[in-house]
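**Q** Each chain, letter by letter, is given below.
Number of protein chains: 2
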Amino acid sequence: MPELRKDPVTGRWVIISTEREKRPSSYGKYSIEMKGGFCPFCEGNENHTPSELLAYRRNGSERDQPGWTLRVVPNKYPALHIEGELERQGEGMFDKMNGIGAHEVVVETPKHDMTLARMTTDEIANVFWAFRDRVLDLKRDKRFRYIVIFKNQGEPAGASLEHSHSQIIALPIVPKLPGEEISGARTYFNYKERCVYCDIITQEKTEGTRLIEENSDFIAVSPFAPRFPFETWILPRQHSPYFENAQKREYDSVSKLLKSLLRKMDRVLETPPYNMIIHSSPFYENTQDFYHWHIELIPKLTKVAGFEWGTGFYINPTCPEEAARYLREAVPGAE
Amino acid sequence: MPELRKDPVTGRWVIISTEREKRPSSYGKYSIEMKGGFCPFCEGNENHTPSELLAYRRNGSERDQPGWTLRVVPNKYPALHIEGELERQGEGMFDKMNGIGAHEVVVETPKHDMTLARMTTDEIANVFWAFRDRVLDLKRDKRFRYIVIFKNQGEPAGASLEHSHSQIIALPIVPKLPGEEISGARTYFNYKERCVYCDIITQEKTEGTRLIEENSDFIAVSPFAPRFPFETWILPRQHSPYFENAQKREYDSVSKLLKSLLRKMDRVLETPPYNMIIHSSPFYENTQDFYHWHIELIPKLTKVAGFEWGTGFYINPTCPEEAARYLREAVPGAE
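Chains A and B supply the protein sequences, listed in that same order.
1 is the number of the first residue of the first sequence in my numbering; add one for each residue after it.
1 is the number of the first residue of the second sequence in my numbering; add one for each residue after it.
Next comes chain A alone, as it looks inside the complex (with noise of 0.2 Å):
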């Protein structure tokens, strides 16, 4: 019998499938060839993109020049503009105001054919370390209200640049997604006098079926609903609101779970295409009691249609009980 599960922070239904109920290798396969070609990414190329914002770089090496290990670089084609004002505006009964935020590519390594699984976890933490470095800065700009931090790993994912890299955008408004995760989050407090995302690690370490991974700073689970199959979540077992905010501990402890669970998932699912979103607190109200920061992990796995277009409630066809066996049990190949 297929199961209707509430995901119990946004109130998201979703459907866990049981008669199309999939094992990882019958989703189909993504290959992983890169095609190589000219990359505006790649160390020696740096005058391809705009000028950096930030490097991580050997001593004696210049700016916009090669001898960097990472390197933050503004979106040559922005979503949005960072210059300008809002000029907040009616068109009729619409509503529309300037596209202004920031958008900034983070060049994750020099090297074209590294991805983040394979980097060393000290160079995975230096990637967390940009992240917060980039999100400290962007934070004073009194215009942004919330920043999103992404990361498109393949080109059925998204990624239309082949060399590993993340994505940082920031925004005049707070979107939908996370003002349900606050809203959600800030109803559950208001009952419980307790934080959703709390509780849901205390109840994933005592059940233990969708746990996958912990160690002394984070957990990682499958989610109780999942929108798609071997969707993960890495939660901060410390409660906070802010990624930003998190001990230098933290981000080495992060980088381990999560390279140890990316070499897993290309062990199961054949590295697959996977999109990885860092949800963080909105800036401008207080969420210091309710909100819990934390990493979604989503292979793409499957295709999303009318269904989902027409409802947003999403069908998965792997339970996420099974995804966590297949996570925990998986023996990582060799470096």
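These aren't lab readings, by the way, just hints derived from the structure by calculation.
Among these hints, one or two may not hold up.
In this list, chains with the same sequence are indistinguishable; a pair is considered to hold if it fits within one copy or across any two.
[Claimed, not checked] Derived DSBU-like pairs: lysine-lysine, alpha-carbon spacing no greater than 35 Å straight-line:
1. 142 x 303
2. 303 x 96
3. 192 x 6
4. 22 x 96
5. 142 x 256
6. 76 x 22
Treat the numbers as computed from the prediction; the structure is a model and nothing was measured.
With chain A fixed as given, assemble chain B onto it according to the hints.
**A** Chain B alone, transformed into the frame defined by chain A:
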């Protein structure tokens, strides 16, 4: 300058991107060549589907035998089960219920290589009649609160069988998105004492820039804040919450408009894969004053990625005024 625009019904903001402005020809082309092979939806293969729930047949032909022009059958791999009780229950902090619902397939034509765009308007009207017949039957089951009717055309849009078909899913809960439409439309009505969709029709007819086509009963527009390039809404002029309560004349009219629109899309976007969804009111609340049924058409031209999954915010690289102009001026080819 990119624009941020807000959907007046759901309050969802989108980014209309200008840096990435895309003309129709810059979206990748989709091969519509059919693979052929055995098809359970073809005439003569009736015994490869579950027994029919409804068929429009030529005189004298028998149930589950050839001789039909349209056939509705239960989905062989249903996302939800029709038999059983909901058995709502908790699992610690989580909530779930049995996956009870109906999942049906409307085989729109006996011919394998026919498409909705190329059917006669009478044949298309029969598809709408079949939707209506099934909705009226399913509504008698008091476990159901919402019915979604949708079509996935082409493999990139999620169709797993290439033979032209639609799907009907009856659900025991009102899903997120229709719930947001209802709640947004109710709020608007409480404020203005007018239906938000009626107001959209009035403004779009006056402005004209997003108007694609109209006839005596329907109007087709590019919505002000579309999630996707070339997203198109078909709205009935006559205010009514329920698709299934439309007049015969309206089913004829909408068939003509839909055919014209699909042929224009086929011309402008080179037979794109697409999703079509009928948005109609849930059953057990009085939405008479403020909800307005309509059809949403979404050509599948872009990839949804980390930004969208993480925020519920969409980046649309073609502004709706441009999309409307392309479609309005398109001359559908000879059939």
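**Q** It remains to establish, for every hint, whether it holds in the given structure.
**A** Hint by hint, here is what the structure shows:
1. 142 x 303: Result: close only across copies, 31 Å inter versus 38 Å intra.
2. 303 x 96: both (31 Å within a copy, 24 Å between copies)
3. 192 x 6: Close inside one copy (18 Å) and across copies (34 Å); limit 35 Å.
4. 22 x 96: Between copies only: 21 Å across chains, 43 Å inside a chain, cut-off 35 Å.
5. 142 x 256: So residue 142 and residue 256 pass the 35 Å test inside one copy only (34 Å; across, 51 Å).
6. 76 x 22: between (40 Å within a copy, 16 Å between copies)
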